[in-house]
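Visitor: What follows is the residue order along each chain.
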Amino acid sequence: MKHYLFVIFILFTVKYHAQNTTIAAGEKLVFSASYNMSGLLTNIAEVKMETSEVKTSKSTLLRLKCSATTYKKWDDFFKIRDLYESYVNPKTLTPYLYKRDISEGGYYKFMQYKYSHKDKLIRSLKRKKNKDGKTWEENKIVKIGASSKDIISTLYAIRNLDIHKASPGDQQEFTILFDNKETTLIVKYINKETIDTKIGRKACYKLAVSLKGSDLLKGNNSNLIWLTADKNKVPVYAKFKIPVGSGELKISSATGLKN
Amino acid sequence: MKKTVIILGFISAIIALILSVTPLYNLTILPLVIAFILGLVLFFISKKDLSKPKAIQYIFLLVIISLSLTIYKNVFNTPEVGNVEQLEQRDEENLEDSKEILEDIEIDEEF
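Each protein sequence line maps, in turn, to chains A and B.
Residues 115 to 373, numbered by the working numbering, are exactly what the first sequence covers, in order.
Residues 10 to 120, numbered by the working numbering, are exactly what the second sequence covers, in order.
Rather than coming from a laboratory, the hints here were simulated on the basis of the structure.
Hints should not be assumed to be uniformly reliable.
What the hints assert, rightly or not - Covered stretches of chain A (in silico footprint by chain B; criterion: 3 or more residues with CB under 8 angstroms from a CB of chain B, positions within the stretch not fixed): (1) 166-178; (2) 195-201; (3) 211-221; (4) 315-322.
As the list claims (entries may be wrong) - Calculated Cβ distances over 12 angstroms to all of chain B for the following chain A residues: (5) Tyr149; (6) Asn150; (7) Met151; (8) Leu155; (9) Asn157; (10) Ile158; (11) Lys186; (12) Phe191; (13) Lys240; (14) Lys257; (15) Thr289; (16) Phe354; (17) Ser366.
We put the beta carbon where it would ideally sit given N, CA and C, even for glycine.
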């Protein structure tokens, strides 16, 4: 009996943890991305994270949209117009459809994942442009794990974690699906820190992010995210190190927050 | 020695000036510092020689121009997003297309 009660308790807490308590439709976060150039940080792009409600005849979903746009002065050198979106269950943040539509300095790529959670697979569609400007498509069915999510819904899922219950050093793994491949993202809670941001002085949870077995985001606490230590867990500041340099992401404005 | 310093000084001062007028103006600092140091070296060399080469004035003039431009750009240039019409169009197209795809999907409360 005791064991059954324990299992019920665990299931209840798992279900409870999965509930979205952080993200609401109508939220808009604007960031400024800067890149380290000869020791000086230069603003290169504006990153927006927006949420909105999408209604179909059968259900209502939450659209999580992230876009990156280079500033005008960089457009002649390297124009970036990236669009990432994920359509998720508003209650659990489980993704149903993911789209990545990127245009980076003449390079164009479109990726779409249509999730089938019951069968644990995704129907992926890749669209690319040839050198002569013609587009070609590739359809694939990819088997995924039960908890695999795209990068956008994972980003929002991190915000939905119960960090206040974690102690420094605790970490959680997320399985990310990127370019039809699964990768493990490790999120480690470091400590609480108060930092100055454009939206005021905020007490924040400092998290370290790393990709397992990848050179892109190495795991020596060099990629950090600061989330406000309140119910909204707004990402206000991020520091990243990639093989070709380092950069920062600073919040410019935050509107439409849930709490 | 003197000739080398003049040539290197001019090259770095010109690089600094070129960089200061481009969006890469943050990179101006390095050639600017080099040009300034070489200008000073040239100044001391010519002091010893008791000669007054015009090159010093030109190098310092270029350094001052590029430094002013860099400072001006750093203070007054607010980053501005370029044309996003195409992105907005792609955004709308994607949304409409997604709505069509999502019509077949029924949210399963188990997931």
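Visitor: Look at each hint and say if it fits the structure.
Guide: How the hints compare with the structure:
1. Remark: the stretch 166-178 of chain A is confirmed as covered by chain B, as 7 of its residues place a Cβ nearer than 8 angstroms to a Cβ of that chain, reaching the required three.
2. Counting residues of the stretch 195-201 of chain A whose CB lies closer than 8 angstroms to any CB of chain B gives 4, so the stated coverage by that chain holds, three being the minimum.
3. Counting residues of the stretch 211-221 of chain A whose beta-carbon sits less than 8 angstroms from any beta-carbon of chain B gives 4, enough to reach three: the coverage restraint holds.
4. Taking a C-beta to C-beta cut-off of 8 angstroms, the stretch 315-322 of chain A contributes 0 residues in contact with chain B, too few for the three needed, and the coverage statement is violated.
5. A beta-carbon of chain B is positioned within 12 angstroms of the beta-carbon of tyrosine 149(A); the least distance is around 10 angstroms.
6. Remark: the non-interface label on asparagine 150(A) conflicts with the geometry, its nearest Cβ contact in chain B lying 10 angstroms away (cut-off 12 angstroms).
7. Not every beta carbon of chain B lies more than 12 angstroms from that of methionine 151(A), the smallest distance being close to 5 angstroms; the non-interface claim is violated.
8. Taking the minimum C-beta to C-beta distance to chain B, about 8 angstroms, the non-interface status of leucine 155(A) is violated against the 12 angstroms cut.
9. Here asparagine 157(A) does not stay apart from chain B, with its beta-carbon only about 4 angstroms from theirs, under the 12 angstroms limit.
10. With a closest Cβ-Cβ approach of about 8 angstroms to chain B, isoleucine 158(A) is found to fall inside the 12 angstroms limit, against its non-interface label.
11. Annotated as non-interface, lysine 186(A) brings its C-beta within 12 angstroms of a C-beta of chain B; the closest such distance is 4 angstroms.
12. With a cut of 12 angstroms on Cβ distances, phenylalanine 191(A) falls inside the contact zone with chain B, its closest approach being about 7 angstroms.
13. For lysine 240(A), the requirement that its beta carbon stay farther than 12 angstroms from each beta carbon of chain B is met, with the minimum near 15 angstroms.
14. Listed as a non-interface residue, lysine 257(A) keeps its Cβ farther than 12 angstroms from every Cβ of chain B; the least gap is roughly 16 angstroms.
15. Annotated as non-interface, threonine 289(A) keeps its C-beta farther than 12 angstroms from every C-beta of chain B; the closest such distance is 15 angstroms.
16. For phenylalanine 354(A), the shortest C-beta to C-beta distance to chain B comes to about 19 angstroms, beyond the 12 angstroms cut-off, and the non-interface label holds.
17. A beta-carbon of chain B comes within 12 angstroms of the beta-carbon of serine 366(A); the shortest separation is about 10 angstroms.
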